[in-house]
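Participant: Please work from the sequences and hints to get the whole structure.
First to last, the sequence lines map onto chains E and D.
Take the position in the first sequence, starting the count at 1, then add 2; the result is the number in this note's numbering.
Take the position in the second sequence, starting the count at 1, then add 2; the result is the number in this note's numbering.
Rather than coming from a laboratory, the hints here were simulated on the basis of the structure.
Any given hint might turn out to be false.
Derived BS3-like pairs (lysine-lysine); straight-line CA-CA distance at most 27 Å [what the hints assert, rightly or not]:
(1) D/K234 x D/K249
(2) E/K381 x E/K403
(3) E/K65 x D/K56
(4) E/K79 x D/K98
(5) E/K79 x D/K79
(6) D/K102 x D/K79
(7) D/K98 x E/K102
(8) D/K102 x E/K79
(9) E/K386 x E/K313
(10) E/K11 x D/K65
(11) D/K65 x E/K54
(12) E/K98 x D/K79
(13) D/K234 x D/K250
(14) E/K234 x E/K250
(15) D/K250 x D/K23
(16) D/K14 x E/K279
(17) D/K280 x E/K7
Given the structure is predicted, the values throughout are model-derived calculations rather than measurements.
If you want the building blocks of each chain, they are given just below.
Number of protein chains: 2
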Amino acid sequence: MRQSKLFTKTRKEAPRDEISKNASLLIRAGFIHKEMAGVYSYLPLGWRVIQKLKTVIEEEMAKLGSQEILMSTLQNKEIWERTNRWDDEEVDVWFKSTFKNGSEVGFGWSHEEPIGEMMKSHISSYQNLPIQVHQFQNKLRNEVRAKSGIIRCREFIMKDMYCFALTAEDNLEFYNKTTEAYLEVFRRVGLGDITYVTSASGGVFTDKFSHEFQTICEAGEDTIYITDESKKKAVNEEMADKKSEGKKAVEVGNIFNFGTKKSEELGLYVTDGDGEKKPVFLSSYGIGVTRLMGTVVEVLSDDNGIVWPRKIAPFQVHLLSLSEKTRNLADAVYENLVSNDIEVLYDDRDLRAGEKFADADLMGIPTRVVIGEKAIASKTLEVKDRASGETRELTIEHLIKELMG
Amino acid sequence: MRQSKLFTKTRKEAPRDEISKNASLLIRAGFIHKEMAGVYSYLPLGWRVIQKLKTVIEEEMAKLGSQEILMSTLQNKEIWERTNRWDDEEVDVWFKSTFKNGSEVGFGWSHEEPIGEMMKSHISSYQNLPIQVHQFQNKLRNEVRAKSGIIRCREFIMKDMYCFALTAEDNLEFYNKTTEAYLEVFRRVGLGDITYVTSASGGVFTDKFSHEFQTICEAGEDTIYITDESKKKAVNEEMADKKSEGKKAVEVGNIFNFGTKKSEELGLYVTDGDGEKKPVFLSSYGIGVTRLMGTVVEVLSDDNGIVWPRKIAPFQVHLLSLSEKTRNLADAVYENLVSNDIEVLYDDRDLRAGEKFADADLMGIPTRVVIGEKAIASKTLEVKDRASGETRELTIEHLIKELMG
Numbered sequence: 003m004r005q006s007k008l009f010t011k012t013r014k015e016a017p018r019d020e021i022s023k024n025a026s027l028l029i030r031a032g033f034i035h036k037e038m039a040g041v042y043s044y045l046p047l048g049w050r051v052i053q054k055l056k057t058v059i060e061e062e063m064a065k066l067g068s069q070e071i072l073m074s075t076l077q078n079k080e081i082w083e084r085t086n087r088w089d090d091e092e093v094d095v096w097f098k099s100t101f102k103n104g105s106e107v108g109f110g111w112s113h114e115e116p117i118g119e120m121m122k123s124h125i126s127s128y129q130n131l132p133i134q135v136h137q138f139q140n141k142l143r144n145e146v147r148a149k150s151g152i153i154r155c156r157e158f159i160m161k162d163m164y165c166f167a168l169t170a171e172d173n174l175e176f177y178n179k180t181t182e183a184y185l186e187v188f189r190r191v192g193l194g195d196i197t198y199v200t201s202a203s204g205g206v207f208t209d210k211f212s213h214e215f216q217t218i219c220e221a222g223e224d225t226i227y228i229t230d231e232s233k234k235k236a237v238n239e240e241m242a243d244k245k246s247e248g249k250k251a252v253e254v255g256n257i258f259n260f261g262t263k264k265s266e267e268l269g270l271y272v273t274d275g276d277g278e279k280k281p282v283f284l285s286s287y288g289i290g291v292t293r294l295m296g297t298v299v300e301v302l303s304d305d306n307g308i309v310w311p312r313k314i315a316p317f318q319v320h321l322l323s324l325s326e327k328t329r330n331l332a333d334a335v336y337e338n339l340v341s342n343d344i345e346v347l348y349d350d351r352d353l354r355a356g357e358k359f360a361d362a363d364l365m366g367i368p369t370r371v372v373i374g375e376k377a378i379a380s381k382t383l384e385v386k387d388r389a390s391g392e393t394r395e396l397t398i399e400h401l402i403k404e405l406m407g
Numbered sequence: 003m004r005q006s007k008l009f010t011k012t013r014k015e016a017p018r019d020e021i022s023k024n025a026s027l028l029i030r031a032g033f034i035h036k037e038m039a040g041v042y043s044y045l046p047l048g049w050r051v052i053q054k055l056k057t058v059i060e061e062e063m064a065k066l067g068s069q070e071i072l073m074s075t076l077q078n079k080e081i082w083e084r085t086n087r088w089d090d091e092e093v094d095v096w097f098k099s100t101f102k103n104g105s106e107v108g109f110g111w112s113h114e115e116p117i118g119e120m121m122k123s124h125i126s127s128y129q130n131l132p133i134q135v136h137q138f139q140n141k142l143r144n145e146v147r148a149k150s151g152i153i154r155c156r157e158f159i160m161k162d163m164y165c166f167a168l169t170a171e172d173n174l175e176f177y178n179k180t181t182e183a184y185l186e187v188f189r190r191v192g193l194g195d196i197t198y199v200t201s202a203s204g205g206v207f208t209d210k211f212s213h214e215f216q217t218i219c220e221a222g223e224d225t226i227y228i229t230d231e232s233k234k235k236a237v238n239e240e241m242a243d244k245k246s247e248g249k250k251a252v253e254v255g256n257i258f259n260f261g262t263k264k265s266e267e268l269g270l271y272v273t274d275g276d277g278e279k280k281p282v283f284l285s286s287y288g289i290g291v292t293r294l295m296g297t298v299v300e301v302l303s304d305d306n307g308i309v310w311p312r313k314i315a316p317f318q319v320h321l322l323s324l325s326e327k328t329r330n331l332a333d334a335v336y337e338n339l340v341s342n343d344i345e346v347l348y349d350d351r352d353l354r355a356g357e358k359f360a361d362a363d364l365m366g367i368p369t370r371v372v373i374g375e376k377a378i379a380s381k382t383l384e385v386k387d388r389a390s391g392e393t394r395e396l397t398i399e400h401l402i403k404e405l406m407g
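Facilitator: So this is what it looks like as structure tokens:
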């Protein structure tokens, strides 16, 4: 894409009321727009990152055999009353409104209840199980405080998955497989080294066991205690022994096991092989997609701006043409890269080199290719790695080979 | 995909409270789930149709040079007050709620105001214009009545696009280009012959001119009067002369021109070539994605069920294995089709042939391939076209060639 066509502009300062590092950088670089405290919109660059994150997650969900759906945001009061989670005393993050006829409606902060209810139309026999479904859905939560940028929002995109199983063993088997799939997601988006599986209590979601995936991050609201570095295991505060050293962390994913409790409350039963009625085992699995984006920005950025891992970068190459004289060569390099299906943001704007360098650093695209006047004679490109700062002179053929490799 | 793994089941009857044909068929075929009146969730088959529709629309938006974003559902009261559209007396479809601090928040029923406000951070000079942005976004509207299935919902997916231009001429040029792009969308999804560009008044959106795209459909809530069949032009009731014959139609898309009024209210100005401050011309463009899906079902279904146009079908081929003896051959055909990147739903369930035929008709996948016992000897496949009912005997090679052609 030609940067002259990209409508977003970078800015030197974030809005005064934005105190989080992730949102400040993302706003300055033109990836997101702040609507209100805890509410952000996603601009073209930010939306591209979200799409990349969704692709990584979707690939891992497909390997698990999960089927994609989309549940509604508007939710039925009656269903949540059956599990005693409608009352604001029980769940304190509801947004609620009323229909024209005066009856109340809720806005989805989670989807166990509506998905369990929906499954009653499709599950009747043990032969239907196990089933896994997931969605990328916009959650709305009426949080008291929202000061962590896109790490804790009042509106955010979550990938939530649900497993319906006949037995505790089947449920546990999927629970374990998903733990591995989630770790693979965090590895692929560049957070593998600093993300831990953490045993935790279930909070509002469950009275049974649960796990979190916690990424070490100064801006995190949680504290974890690493118990096994090689196996990436940790525990939360309640479960820590006194000698361990706590680290701040962000909960990037979680797993809850509801056992059969929720199915009994909702009336989700199947007939087993002996003709007996059995409540279905339910577990739920979440990755905060926008939160994950914010966490990547928090932990991988440097003094000059964002540093995107290649897998989720909005573009692979940021191509900079430094003057009017280099435009023809830069145009040719751009066309060459694009014709090889390499995603390029081409800074063809009429701006000083220094401004282009500063914008490129701020925006964090992994490979920067600079076309200065000496490139016209040398036939080589100045290629800089955003993460390491390493600069090399490469031919266009070499660069393409490396990027496609 | 193997149908034995698909969690949704077809059903003989729709819920008793569902009076619309589109939702009845989609629920019976397992494409959608009814949450409440006017609120539906999208199950794997339905979600695949939505993805196909989004792909068609996105391709046409990309040709227009529009950039994709995602705006928030939670909306700022103050922005809407500036254009006098917060008050329920002015806009009667708001869902509203309150934050914990007692201040009000709205849920997005449209996005002109927030997008105009956001643009103030990115537009300052005439050189930044024109800009087009679009999103696929979940709109929430507190409708009094919702009896048309997914054609009029309280929650629905819309592709909304916005054009920001320096002059009335630039604005009109994009307006005209988009009209063509929209007609191309409707052609590609199978509604070209019965969709008309209709001149209409602007309603709540604008006091200037506007157009609608209306698809002839008995279940439609509007009436249009065709004025030029060959150019696919029509007018609405207000503008019709008395001799024309009215036809029921569904509004599948619309275009509004706000002129500079909204920019003046929001404070969206640019500096022109002479250094003068000018308000930006704004127009907005919508296609109801889920409504479009409902309209396709309404107008293209027959007595046996849904008939999907190939471009938006959840799968291209519905492969039916009729008995245990044909399973090996059917497995081989399935693998062959899938290895050629053809999307196949493979009915490998242990059910009677009649049930499989009925389900295939109901679900509406364009090409049905039946593997009966005679196929084992004949080496040919019974291939039936869902729309025409035409049946042919084809070799697998012939079938693949046709589907890939």
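Participant: Hints first: check each against the structure and report whether it holds.
Facilitator: Each hint, compared with the structure:
1. D/K234 x D/K249: 14 Å, holds
2. E/K381 x E/K403: Holds, because 16 Å separates the two Cα atoms, which is no more than 27 Å.
3. E/K65 x D/K56: 24 Å, holds
4. E/K79 x D/K98: This hinted pair holds, its Cα atoms lying about 16 Å apart.
5. E/K79 x D/K79: 26 Å, holds
6. D/K102 x D/K79: OK: D/K102 and D/K79 at ~15 Å, within 27 Å.
7. D/K98 x E/K102: Status holds; Cα separation ~12 Å.
8. D/K102 x E/K79: The given pair, whose Cα atoms are some 20 Å apart, holds under the 27 Å limit.
9. E/K386 x E/K313: 17 Å, holds
10. E/K11 x D/K65: Holds. E/K11 to D/K65 sits at ~23 Å (cutoff 27 Å).
11. D/K65 x E/K54: Roughly 22 Å between the alpha carbons, so the hint for D/K65 and E/K54 holds.
12. E/K98 x D/K79: Given pair E/K98, D/K79 holds - Cα atoms ~16 Å apart, limit 27 Å.
13. D/K234 x D/K250: 15 Å, holds
14. E/K234 x E/K250: With a Cα-Cα distance of about 15 Å, the restraint between E/K234 and E/K250 holds, given a limit of 27 Å.
15. D/K250 x D/K23: 15 Å, holds
16. D/K14 x E/K279: Distance ~24 Å between D/K14 and E/K279 Cα, so the pair holds.
17. D/K280 x E/K7: At roughly 21 Å apart (the allowed maximum being 27 Å), E/K7 and D/K280 satisfy the hint.
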